[in-house]
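Chain residues, written in single-letter form:
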Amino acid sequence: MFGGMKMDEKRIEENLNRLKELIPVNHQLKESLKKRFKRNRWKKIGVAIIAAAAILLMVFSFGIKNLQDNLITKVNAEELKIINQISFISLGNINAGKIAEYNGTIYIPLYDKGIYKYDNKGFKKIIDKTSGEVGISLDGTKLVFTTRTSDGKNAIYIKDLKTGKETKIIESKDRDTYYSDPGFSPDGNKVIYTEQIIVPRETHGFEVKESNINAIDLKSLKVTKLADGSCGSFVKTEDAIVFERDNKIIYKNLKDGSEKIIDEGKNPSVSPNGYYIAYEKYEPQKEKVEDMNVTVSMNNIWIADAASFTTKKQVTLNVPKRIPPEVLKEKIQNYVTSSLYTYYWPVWSSDSKSIFVLKNLNEDIRGNTMQLMKIELSREELTPEEVVKKFLQAIIVRDEDFARVLMKNPPTIMTVSSPHPVAYEILGSGTEDGKPYVDASLTYGYIMNGYCSVNKSRYYLSPDSNGYIIDSIKDLGTVEFIEKNGTFYKIENNVETKLFDSGEIPKEILPDNLNAHSTALTYSPKTNTIFFTMQTNDRSQSRIISYDISHRAFKLIDSLENTIIPDIKVDSSGKYLAVLAYNDTSQQSNTYVYNLKTGEREDLRSRFEDTKIEEISPQFWQQDKLIFQISLKEGFLYYVYDPYKGQVLIP
Amino acid sequence: MPESFIEFYEKNFDDVYRYVYFKVGNKWDADDIVSETFQKAFEKYNTVKSNSKAWIFSIARNTVTDYYRMRKNLVSEELIMEHFYPDVFEDKLEREVELDCLKKSLYSLSKEEIEIVNLKYFANMTHREISQLIEKTEEAVKAQAYRIIQKLKNLVIKCLEG
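Protein chains in written order, with my numbering: chain S, 1 to 651; chain A, 1 to 162.
Hints listed in this document are in silico derivations from the structure and should not be mistaken for laboratory results. Any given hint might turn out to be false.
Restraint-style ranges between C-beta atoms, simulated for each label pair [to be verified]: (1) S:331 to A:52: 30 to 36 Å; (2) A:108 to S:600: 33 to 39 Å; (3) A:143 to S:324: 36 to 42 Å; (4) A:108 to S:331: 38 to 44 Å; (5) S:537 to A:107: 21 to 27 Å; (6) S:537 to A:111: 36 to 42 Å; (7) A:135 to S:471: 38 to 44 Å; (8) A:7 to S:151: 37 to 43 Å; (9) S:494 to A:26: 47 to 53 Å; (10) A:52 to S:27: 48 to 54 Å; (11) S:223 to A:7: 33 to 39 Å; (12) A:126 to S:600: 55 to 61 Å; (13) A:62 to S:336: 33 to 39 Å; (14) S:176 to A:48: 21 to 27 Å.
For each residue, glycine too, the CB sits at the ideal point set by N, CA and C.
Bound-form chain S, shown alone (with noise of 0.2 Å):
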């Protein structure tokens, strides 16, 4: 019957074993996976092979019209509101140094590698030297660096980047001395820096013999000393310098002598227009938890004026690190822990709007996480429409500390998962009972999947010191659309409706021996229209294509070949749609930006110069302008793209 093999439990067992081997593996989605791990892979590999390739590079802000002039007035430093504090998490071990910026260009020190400028063309190398910490001058002309030299002295340089010229301008006497925090003098004709002498100590560690701040001039190379400390700047219209000392915060009259002392505090970096100093602040926050006493070493940054010394103002909201759970069952006493994060090297903006900061987890995983953080200042205050914008943005990016910072009573843990929120949109505001509030949509969706959901709520909010902050939230429904083999429904109050089958597709759109599936939705709230992809079984052919559920429309918005698109974005106004593309010969991914009223492709990847980019996808529509991605070996950029005027911008 069966070739007289007895049937028992040991031949059910291997013909299970030959039923296995009917199950098919995709193995070229193995590869390609793999491929996308492989390339990613510095993120997740210890900082000693990767840190000189890694870098961070978060830089987000949002910009807000009319506060252009907002600064030009001067105001006391407590007088100014935080309108932004936005950066990316998880995104990469990064070493970078001391960075500058000049009108939206930033230049950054990767240790072992160079410095790089980012801008609306990419990132590229432009200095060979490798090199922590780099300033500008005042007119954007002049880089200032510190360097080693081959022979393992230490050296400062200056490149003019018009000519691109690199000139030394000192060099150590001996491998002992260091220099650090070079920059210019308001008039670009001197730089002000740190000596140090730093000797081993005979058992372990260092010591700092000596510490000067030195200012170079430039055409006679002649240096004089400023004063005892490390950190200097000039201040801008004064004859004065700002630096520290033994972790305070000194500003030193250069015509008298007189020093007075601002705060505690380290790293100072005055405004370009003079009015205000940015430094790191360390302090003791004491609490208690279930009867320990926890010490917690606090930092953040702070503001300060930089001549009239009459205010300070806190600008960044760290978090004490979690206590581990094993820690509290012990019963310890007293329990000393540090900061959630460590923000560092504050750095003005050239239009002295903004502080850029280093900012580091201090979360004891491989490969701590570092970012570059922008804070935007004001003198206005948000508006209750501004705080739930930026809320939105920063549950978007996934930016839990600003969240929080916008938030009365924030929760311990706000976890954003599957489906994730990929764009926001404000519907109204107003007021009841007396109490602000304004109505916002946020709108879920799964990558690789036809499925979106829109969810409505109403954010209550009440004055506080920066504008306004959340109070709390109630859902006012959500609106859900979703593919099933070829079918797309509408479910609301758990009500489905179905809109249509693929079927009814018009045949010049979709053919009908295409069998296909969906692999992107998204809703456009305002045009009442859906946008999604079909995709053949094969993968050989994708149409992205509109469906408006009012007139009960069709428009076929592209056709590509081997091509998968797992993810589109449509703009709060429903006039440009954002699609991911991955090419499937090529393995190459495209950001498509499509004019959905003339049919216009953008492709956003063809706008960067000398950048090896090796993914590029979009992120979110803030409101009108998309924010995307683009990562290359050394890290992860975030760009800006308006579709109205063309333009890519950096954050």
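With the hints as your guide, set chain A onto chain S.
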């Protein structure tokens, strides 16, 4: 030196893929679910203490559930269950009477029993790994797996005898 993610991926991909494919019954959903599973694993790889096989399979199981849960409002529970363990072998076994009988027998098992078969035979998991995943003791899994094989044997014999 801890195992790198790529090594972990290489070691587990085929098993995860077969497990998911057998569960959902088509390549397209399997591709998407497996991609998402490893993406999630990749993101969390450094934060988990032990990157075990049970761990990746718990992600895979949750991803499958999530994948269908979002369609839940749309289709009945029964219809969802149909998505789990549809016949993946279809016409491939017509000439192989014995395997065809095994297949039919397999699909007549309860969902929980098929899950055990899938994890043990198609995903190559040990009793211990399965026990970590489904929160039973190792002994209970072992006993249940044995009973399933007994049951399959009887079903196959019946089937072959026509």
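Should the hint that residue 537 of chain S and residue 107 of chain A are 21 to 27 Å apart at their CB atoms be regarded as holding? Since the Cβ atoms of residue 537 of chain S and residue 107 of chain A sit about 24 Å apart, the hinted range of 21 to 27 Å holds.
I want to verify a distance hint. Is the separation of the beta carbons of residue 135 of chain A and residue 471 of chain S within 38 to 44 Å?
Given about 41 Å between the Cβ atoms, the range holds.
CB-CB spacing for residue 27 of chain S and residue 52 of chain A relative to the 48 to 54 Å hint:
violated, 24 Å
**Prompt:** For the pair residue 223 of chain S and residue 7 of chain A, does the Cβ-Cβ distance stay inside 33 to 39 Å?
**Reply:** Taking Cβ atoms as reference, residue 223 of chain S and residue 7 of chain A lie about 55 Å apart, which means the hint is violated.
Range agreement (Cβ of residue 26 of chain A with Cβ of residue 494 of chain S, hint 47 to 53 Å):
With Cβ atoms ~28 Å apart, the hint is violated.
Given a hint of 33 to 39 Å, does the C-beta separation of residue 62 of chain A and residue 336 of chain S actually sit inside it? Because 38 Å falls inside the window, the suggested range holds.
Q. CB of residue 108 of chain A to CB of residue 331 of chain S, is that within 38 to 44 Å?
A. violated, 57 Å
Practice task
Starting from the hint 37 to 43 Å, judge whether the C-beta atoms of residue 7 of chain A and residue 151 of chain S obey it.
Solution key: About 42 Å separates the Cβ atoms of residue 7 of chain A and residue 151 of chain S, which means 37 to 43 Å holds.
*Kindly confirm whether 55 to 61 Å is satisfied by the beta carbon distance between residue 126 of chain A and residue 600 of chain S.*
About 57 Å separates the Cβ atoms of residue 126 of chain A and residue 600 of chain S, which means 55 to 61 Å holds.
### Message
Against the range 36 to 42 Å, how does the distance between the Cβ atoms of residue 143 of chain A and residue 324 of chain S compare: consistent or not?
### Response
The hint (36 to 42 Å, Cβ to Cβ) holds, given that residue 143 of chain A and residue 324 of chain S are roughly 38 Å apart.
Q.
Looking only at beta-carbon atoms, does the pair residue 108 of chain A, residue 600 of chain S fall within the given range of 33 to 39 Å?
A. violated, 57 Å
30 to 36 Å as the expected CB spacing between residue 52 of chain A and residue 331 of chain S, which holds or is violated = With a Cβ separation near 32 Å, residue 331 of chain S and residue 52 of chain A satisfy 30 to 36 Å, so the hint holds.
In summary, the numbered hints that this structure violates are 2, 4, 6, 9, 10, 11 and 14.
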